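Student: Read off the chains here:
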Amino acid sequence: MSPAEELATCQAALAGALGEAPTVGGAAPDPAGAAAPAGDAWLEVPAARWREACRAARDLPELGFDFLRSLAGVDRPEAGRIDVVAHLFSYRHRRALVLRTSLERAAPELDSVAQVWPAADWHERELWDLLGVRLRGHPDLRRLLLPEDWPGHPLRKDWQEPAEYRGIPTRREARATAGELAKQTYLAPRGLGRDPAGGQPDGGGGA
Amino acid sequence: MSAAGDRPIIEAGPEGGFALGPLDGLLNLARKHSLWYLLFGTACCAIELMQTGGPRADADRFGFLFRPTPRQADVLILAGTITYRMASRIRRLHEQMAEPRYVIAMGSCANTGGLFQGSYSVVKGGDLIVPVDVYIPGCPPRPEALLEGLMLLQQKVEREPYLRKIRGELPLPADPWPAGKECKE
Ligand code: SF4
Numbered sequence: 001m002s003p004a005e006e007l008a009t010c011q012a013a014l015a016g017a018l019g020e021a022p023t024v025g026g027a028a029p030d031p032a033g034a035a036a037p038a039g040d041a042w043l044e045v046p047a048a049r050w051r052e053a054c055r056a057a058r059d060l061p062e063l064g065f066d067f068l069r070s071l072a073g074v075d076r077p078e079a080g081r082i083d084v085v086a087h088l089f090s091y092r093h094r095r096a097l098v099l100r101t102s103l104e105r106a107a108p109e110l111d112s113v114a115q116v117w118p119a120a121d122w123h124e125r126e127l128w129d130l131l132g133v134r135l136r137g138h139p140d141l142r143r144l145l146l147p148e149d150w151p152g153h154p155l156r157k158d159w160q161e162p163a164e165y166r167g168i169p170t171r172r173e174a175r176a177t178a179g180e181l182a183k184q185t186y187l188a189p190r191g192l193g194r195d196p197a198g199g200q201p202d203g204g205g206g207a
Numbered sequence: 208m209s210a211a212g213d214r215p216i217i218e219a220g221p222e223g224g225f226a227l228g229p230l231d232g233l234l235n236l237a238r239k240h241s242l243w244y245l246l247f248g249t250a251c252c253a254i255e256l257m258q259t260g261g262p263r264a265d266a267d268r269f270g271f272l273f274r275p276t277p278r279q280a281d282v283l284i285l286a287g288t289i290t291y292r293m294a295s296r297i298r299r300l301h302e303q304m305a306e307p308r309y310v311i312a313m314g315s316c317a318n319t320g321g322l323f324q325g326s327y328s329v330v331k332g333g334d335l336i337v338p339v340d341v342y343i344p345g346c347p348p349r350p351e352a353l354l355e356g357l358m359l360l361q362q363k364v365e366r367e368p369y370l371r372k373i374r375g376e377l378p379l380p381a382d383p384w385p386a387g388k389e390c391k392e
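In order, the protein sequences belong to chains A and B. Numbered per this note's numbering, the first sequence finishes at 207, counting up by one with no gaps. Numbered per this note's numbering, the second sequence finishes at 392, counting up by one with no gaps.
By construction, these hints were calculated from the structure, which means they are not laboratory data. Fair warning: this is a prediction, and the values are worked out from it, not measured in the lab. Incorrect hints may have been included.
Claimed, not checked - Computed Cβ-Cβ distance ranges for the label pairs, DEER-style:
id	chain 1	residue 1	chain 2	residue 2	range
1	B	325	A	134	23 to 33 Å
2	A	161	B	279	37 to 47 Å
3	B	325	A	136	32 to 42 Å
4	A	104	B	325	23 to 33 Å
5	A	70	B	279	36 to 46 Å
6	A	74	B	262	27 to 37 Å
7	A	78	B	267	51 to 61 Å
8	A	167	B	257	40 to 50 Å
9	B	262	A	2	31 to 41 Å
Heads up, the beta-carbon is just placed ideally off N, CA and C, and yes, glycines get one too.
Let the sequences and hints guide you as you build the complete structure.
Tutor: The structure is reproduced here in structure tokens:
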């Protein structure tokens with residue numbers, strides 16, 4: 001089966017499950033399969049039906065996408081959107097699929113698919129951490145890579161790096177003096193990694 | 208037989224040897240040959256750190272033994288990229304070490320943030336969070352370079368007026384964290 005046919009098969013199967021056909025986006029695969037497409041084509045799913053579509057992609061026998069390769073986000077400030085892209089693979093059919101959905105950039109929210117593919121758990125935490133996408137129904141939506149009290153979501157294109165984080169300068173202009181080191185507050189007096197305002201532990205289990 | 212400054216004179220004889228010198232020098236002689244480092248690494252440099260402890264570079268022969276707990280360690284080797292999330296842990300480890308304690312920044316990342324300087328999540332140098340005694344360039348430094356750094360630290364230890372410091376006649380190395388500010392659990 002050519003990539004174009006495979007995509008059409010997936011589209012038809014998902015259309016059957018959702019009651020509406022997902023649109024094809026990106027470089028349409030060459031029907032003859034001769035020239036390699038410029039990138040993967042994808043199926044665009046409405047955000048409201050994201051979990052449904054993912055579940056169908058996993059469970060329908062003709063799709064059988066049992067493996068989540070990656071789940072990532074794209075910030076498009078000029079369009080006011082944040083896109084979420086899932087790369088799937090089916091071991092049964094030896095076939096890949098890209099699913100994509102688009103969210104309102106001002107308040108991006110999406111249903112978690114951690115129940116569909118457990119691998120999505122940490123990917124979604126990363127989505128929250130770096131792009132600020134809230135995942136509804138996620139079992140444990142904490143930041144993955146950055147400290148809990150980090151300001152903002154740094155993969156947003158308009159994110160500005162603050163001059164310091166808890167007293168540690170974020171630019172290397174000079175070696176910190178003893179006095180500057182003394183002013184740093186990131187090691188709170190009580191308990192490791194709890195922010196002074198009494199917020200959440202930052203997931204470090206203590207030392 | 209020669210004596211340089213506070214360094215003790217060591218003589219070996221047929222009936223055994225003797226060492227003669229100021230007590231400071233003798234203590235430093237013992238201290239510099241038992242600089243135990245904390246087995247701790249945060250990124251790829253830690254692989255070279257392990258290699259340095261292995262049989263080929265054999266850091267043990269200088270008295271550099273690794274310890275698995277900061278409470279028994281004299282030297283903290285910052286081996287690898289330091290993220291802001293890790294910074295508080297490193298600071299905590301450093302505070303758990305007893306004075307006198309030393310810090311070696313190993314590799315570009317620990318020196319300046321290295322190739323991750325432009326990253327939002329990486330601390331731009333270990334000396335922004337703990338006081339550093341020796342900087343070792345390289346990405347990663349070879350075990351030889353780390354050994355050289357450790358030997359430089361030995362030279363520093365050797366020259367310290369240790370006894371006068373612990374007797375309180377000289378201030379301890381500028382303590383950036385005044386007593387009572389932290390860790391008063
Ligand atoms: S200096 Fe190089 S080898 Fe060392 S931690 Fe950084 S990137 Fe890795």
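Student: Tell me the numbers of any earlier hints that the structure contravenes, in ascending order.
Tutor: Hint check: 6, 8 and 9 fail, others pass.
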